[in-house]
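Residue 5 in this note's numbering sits at position 5 of the sequence shown, and the numbers go up by one each step.
Mixed in with the good hints there might be a few duds.
Cross-link-like lysine-lysine pairs, in silico, DSS-like; alpha carbons within 25 Å at most [as the list claims (entries may be wrong)]:
id: 1; residue 1: LYS74; residue 2: LYS182
id: 2; residue 1: LYS169; residue 2: LYS182
id: 3; residue 1: LYS182; residue 2: LYS213
Because the hints were derived from the structure by calculation, they are not lab data.
Predicted, not measured: the structure shown is a model, and the values here were computed from it.
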Amino acid sequence: GSIPVSGSTFQHGEREMKKFLALLLLGAALVFGGCTVSSPNIIVRTIEIDDSDVDIQADGAIIISGNVDEDTFKEFRALTLDGRDHYTIILMTNGGCGYNTVAIMNRIETLQKQGVKFTTYITGHGHSAGSYIFMMGDERIVNNGSVMMWHTMNGQLKHDNRKIPEDRKQYLLYMDEYVVNKFRERFPHIKEEWIQETFWNSGMSFMTAQSAKLMGIATQILNN
Numbered sequence: 001g002s003i004p005v006s007g008s009t010f011q012h013g014e015r016e017m018k019k020f021l022a023l024l025l026l027g028a029a030l031v032f033g034g035c036t037v038s039s040p041n042i043i044v045r046t047i048e049i050d051d052s053d054v055d056i057q058a059d060g061a062i063i064i065s066g067n068v069d070e071d072t073f074k075e076f077r078a079l080t081l082d083g084r085d086h087y088t089i090i091l092m093t094n095g096g097c098g099y100n101t102v103a104i105m106n107r108i109e110t111l112q113k114q115g116v117k118f119t120t121y122i123t124g125h126g127h128s129a130g131s132y133i134f135m136m137g138d139e140r141i142v143n144n145g146s147v148m149m150w151h152t153m154n155g156q157l158k159h160d161n162r163k164i165p166e167d168r169k170q171y172l173l174y175m176d177e178y179v180v181n182k183f184r185e186r187f188p189h190i191k192e193e194w195i196q197e198t199f200w201n202s203g204m205s206f207m208t209a210q211s212a213k214l215m216g217i218a219t220q221i222l223n224n
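The task is simple: from the sequences and hints, build the whole structure.
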């Protein structure tokens with residue numbers, strides 16, 4: 001006989017399949033698309049698009065989980081329009097769309113120039129786009145046991161011995177140079193040799209919480 005499946009069970013399975021497929025496609029998206037509360041009774045708002053989640057939780061923290069996808073910037077901007085002078089961003093992401101990553105970085109920097117402060121957290125993993133968003137924080141906190149990952153689209157292609165299409169080479173380089181130069185601005189004390197090796201000669205460079213703190217990329221480790 002057939003096994004009955006409830007609507008909620010089916011939807012959960014469908015969502016998990018979407019997340020799995022999104023992880024498989026993440027590398028290709030990065031390479032070929034560039035898409036590597038005011039009252040005590042706060043209403044929890046959730047904006048959910050496919051496998052990406054940008055939430056504001058009861059304590060006011062903004063959570064960016066899943067993949068940074070085509071709607072993440074729109075969601076993030078909507079949650080930073082309430083005039084607060086400080087935002088907490090908690091990251092739990094494999095990375096994703098390069099365009100949206102740059103847009104979120106610019107949104108954070110625009111607000112910082114208006115005096116708004118940001119505290120960014122990596123509680124488990126912040127890869128690629130997650131690391132770039134993390135580095136924009138005024139305070140940057142990692143949990144013990146969490147992992148960051150740095151790379152560029154060009155670095156990944158070079159590491160994988162894959163050719164960049166000629167008509168996209170300069171375009172991808174332009175985006176990569178933006179995020180790497182922003183890294184240099186945030187951390188001028190880090191040696192150029194490390195930057196060259198990490199961003200241009202490595203497909204993926206992973207970093208522990210301890211290394212991030214030692215290098216001054218993180219300002220604090222929790223639960224150490």
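Consistency of the hints with the structure:
1. LYS74 with LYS182: Cα-Cα ~22 Å, so holds.
2. LYS169 with LYS182: holds, 20 Å
3. LYS182 with LYS213: holds, 19 Å
Checked against the numbered hints given earlier, the structure satisfies every one of them.
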